[in-house]
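Participant: Sequence:
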Amino acid sequence: MTSSRCSWTGVFPAVTTQFKDDGQFTLDLDATAGVIEGLIRDGVSGLIICGTVGEGCSLTPQEKRSVYEMAKSVAARRVPVIGGVAEYTTPFAIETARAAEKIGLDGVMVMPALVYSAKPFETVAHYRAVGRAVNLPIMVYNNPPIYRIDVTPRMLADLADVDTIVCFKESSGDTRRFIDLQALTGDRFTLFAGLDDVVLESIAVGAEGWVSGLSNVFPREGETLFRLAMQGRFAEAMAIYRWFMQLLHLDARPDLVQCIKLCEKIAGRGSALTRPPRLALTTVEEAEIRAMMETALATRPALPEVGLARAA
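Under the numbering used here, the first residue of the sequence shown is numbered 1, with each subsequent residue one higher.
I should point out that these hints are in silico values taken from the structure, not numbers from a laboratory.
Glycine residues also receive a C-beta, built at the ideal position from the N, C-alpha and C atoms.
Treat the hints with caution; some may be incorrect.
Claimed, not checked - Simulated restraints, written as ranges between beta carbons of each label pair:
1. Ser117 / Asp180: 36 to 46 Å
2. Leu184 / Ala129: 31 to 41 Å
3. Gly232 / Asp255: 14 to 24 Å
4. Ala298 / Ala129: 43 to 53 Å
5. Asp21 / Ser66: 26 to 36 Å
6. Asp161 / Phe25: 37 to 47 Å
7. Thr295 / Lys119: 37 to 47 Å
8. Glu37 / Leu114: 42 to 52 Å
9. Glu37 / Gly206: 23 to 33 Å
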């Protein structure tokens, strides 16, 4: 990679990883391939695999590699495929990122080192080490509400000299971060919204992409919403945003994976099974989400023409 910018834009669903209902929660590559094919068919701009929603931390290294390989094969260069890297140590993160590079993914989305509550300079050192170990474009993933480590604009500015670090996914919910980062680094980094229920606000202040959870369930609506906003057609975008918002809030819950997978099941796009320690939602929670989905499906909006990423 020779550029410190990337061409990623549009909606990149954080793809769910599918498991078999065999009591062992065995990885189901065929079903995961079906999910990926359906998303590409419905016009998404890219894919994030083995991220938080993809239960990357619940997969063995070999399972993760097998998902990387399958996703690359299914995508067949139709959309970029970005592999999640969320490991306990910097050496493990480097090993996983190098595996993604060897397999031929288009980039990696890297978390801070998990479990250890690192100091800011340690988190910067983690990203710098991974960035220097591979020649793939790197998306820095910041999600302090869930992972308890905050990658601030100042910290990312300190990484501007690492050419492989090209993109910032902000999931704190604080859209001011985008403006603060631009003030420090200009257009050095491609900005991605990482929290579903502030995506319109994120686009308004400079986001060029959206790593989305609920676009797994409604990919056409997600991509249309995003493109309307990017085209400045905010009145039309708001009509979809209002329809979508109750579901988009699910992306901010600690049990977002269970919620999104249940919505996928209801929509006929995947299984609700998650690998422990993630367990099924309670009866009350499931009923609430089923009611949300029933309303959403019954009131699904007509979508204006925006020029989706690819034809169905």
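Participant: Per the hint of 23 to 33 Å, is the separation of the Cβ atoms of Glu37 and Gly206 within bounds?
Facilitator: 32 Å, holds
Participant: Is 42 to 52 Å right for how far apart the beta carbons of Glu37 and Leu114 are?
Facilitator: 30 Å, violated
Participant: Do Thr295 and Lys119 keep their Cβ atoms within the hinted range of 37 to 47 Å?
Facilitator: 45 Å, holds
Participant: Could you say whether the range 36 to 46 Å given as a hint is met by the Cβ separation of Ser117 and Asp180?
Facilitator: 23 Å, violated
Participant: Honestly, do Ala298 and Ala129 meet the 43 to 53 Å range at C-beta?
Facilitator: 50 Å, holds
Participant: Starting from the range 37 to 47 Å, see whether the pair Asp161 and Phe25 falls in it by beta-carbon distance.
Facilitator: 42 Å, holds
Participant: Does the Cβ-Cβ separation between Asp21 and Ser66 fall within 26 to 36 Å?
Facilitator: For Ser66 against Asp21, whose Cβ atoms are near 19 Å apart, the range 26 to 36 Å is violated.
Participant: Between Leu184 and Ala129, does the beta-carbon spacing fit 31 to 41 Å?
Facilitator: Given range 31 to 41 Å: violated, Cβ gap about 22 Å.
Participant: Does the Cβ-Cβ separation between Gly232 and Asp255 fall within 14 to 24 Å?
Facilitator: Violated, at about 35 Å.
Comparing the model with each numbered hint stated earlier shows that hints 1, 2, 3, 5, 8 do not hold.
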